[in-house]
Each structure stands twice: as structure tokens, then as C-alpha cells.
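Q: Listed below are the residues making up each chain.
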Amino acid sequence: DVKVTQSSRYLVKRTGEKVFLECVQDMDHENMFWYRQDPGLGLRLIYFSYDVKMKEKGDIPEGYSVSREKKERFSLILESASTNQTSMYLCASRRDRAYGTEAFFGQGTRLTVV
Amino acid sequence: RKEVEQDPGPFNVPEGATVAFNCTYSNSASQSFFWYRQDCRKEPKLLMSVYSSGNEDGRFTAQLNRASQYISLLIRDSKLSDSATYLCVVNRQAGTALIFGKGTTLSVSS
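These protein sequence lines map, in sequence, to chains A and B. If you read the first sequence in my numbering, its first letter stands for residue 1, the second for the next number, and so on. If you read the second sequence in my numbering, its first letter stands for residue 1, the second for the next number, and so on.
For the record, the hints were derived by calculation from the structure and aren't laboratory data. Using N, Cα and C, we set each Cβ at its ideal position, and we do this for glycine too. Among the hints, erroneous ones may be present.
Stated by the list, open to error - Derived DEER-like restraints, expressed as beta-carbon distance ranges:
| hint | chain 1 | residue 1 | chain 2 | residue 2 | range |
| --- | --- | --- | --- | --- | --- |
| 1 | B | Glu15 | A | Phe20 | 42 to 52 Å |
| 2 | A | Glu17 | B | Cys40 | 28 to 38 Å |
| 3 | B | Ser26 | A | Asp26 | 19 to 29 Å |
| 4 | B | Ser109 | A | Asp26 | 34 to 44 Å |
| 5 | A | Pro61 | B | Ser26 | 15 to 25 Å |
| 6 | B | Leu46 | A | Ile60 | 15 to 25 Å |
| 7 | B | Glu5 | A | Pro61 | 15 to 25 Å |
| 8 | A | Arg14 | B | Tyr51 | 40 to 50 Å |
| 9 | A | Arg95 | B | Lys42 | 14 to 24 Å |
| 10 | B | Tyr51 | A | Lys70 | 16 to 26 Å |
| 11 | A | Met88 | B | Glu5 | 40 to 50 Å |
Unchecked claim - Here are a few chain B residues that face chain A, going by a calculated C-beta distance under 8 Å:
| hint | residue |
| --- | --- |
| 12 | Asp82 |
| 13 | Ala97 |
| 14 | Lys102 |
Assemble the whole structure, with the sequences as input and the hints as a guide.
A: This is the structure we're talking about:
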């Protein structure tokens, strides 16, 4: 069975803290993604990665960075957490760059910044 | 214009009803199209891919009109278990990520 695992379901952090959200997939997928989901705004793409050490900005990269040192792991970093980064964060992975392949999601991390 | 736009909903229907969701996309270079389903407090999961010729999976039928940049999902004989948010998803072009619509909420009641 396909598995994408996010390190935490719920996280509470203080404004200004550096926050790491971890995502691991066990399917040997090349592509990995980070989205955030907010009421009324849907899923918005933050960053994605085609391969190890490769990354590309999505639609809302400001205030975030990513790291992909190993194929199975994709980390999202909030350099200095702010209250407007309170959200549900979803990690996804996908087999390759070909058309039509399914993306599998982790269970999500609900981050609250206070 | 948003890259992927959906009917805002919510759709409230009785069991057994037929319901249709519509979606438009703005990037004519988009290559792949999907419908995902998201249950409350759960992650999105693929419902079905959408092909130019149209495709059917049981009670679900998806259609794509490339000329109009329009995607639809038809659910026949709605069940209580169909209650969820349905997400229209577009792959811009090869090698880029999936872009999601905001979703349409369906509530099926007995």
C-alpha cells in the first residue's frame, strides 16, 4: 500500500520560531509537493520537488523553504513562523513527471502559530 | 481569473438524486485532469481521471471539453456516503504540479 507520512498531526508554535514539517513516502516517487489548505481558499501549492536536491516554487512560496536531501523525504521549513501561516499543511507524492499519474497525500499537519 | 474554478456549492440533495459539478480551467496548456474527493478532516484522494473521450466508473461520469476548457462530474443515484468535497484538479503541463480548485461540497440526505 502507498504511504505518505507526515511527522505530526497537530503542532502549536510561537511567532518567530523556525518550524520544520517532515514528510516521508515509501513508494520511491520522484515528485513531492507541499500544499496548504485554508477555508475558502482550497489547496494552494507552496513548493514542489522533481528529484533529490531539486525544488521549484509553487504559487505561495513566501515565508517558506524546502529541503530534499533524500528521495523519500521532503521537508517544509517556516523560517520565522507568523500567525498567517496557521493552516493545514498537506504533503503529496507522485510517481513521475508523466501525465496522468495519481498524487497520494499524507494525513496533514494542522499548524497553529500563536 | 483563477486557474481552476468550480461551482462554489454547497449542493444539498436527497438520496437517489443525480448531481453535476462543473469546473473550468484557464491554462490551455493543461494536459491532465482529475477529480479528487476529500472527506471531512481527511486528505484528498483520487476519485477518477478525466479523459477527452469521457469516462465512467460506476455511478460517476467525468467529461472533458478541451475547446471550452471545461470539466464535469456527474453522480447518479447519490448515496449518503457520497457526502464529501469534490476537488477539480488540473496538471498544468508536463513536470509541474497539480493545481486544485477550491472544491464543491456535496451533502446527501436521507
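Q: Okay, which hints does this one fail, numbers in order?
A: When the structure is compared with the hints, numbers 3, 10, 11 and 12 turn out to be violated.
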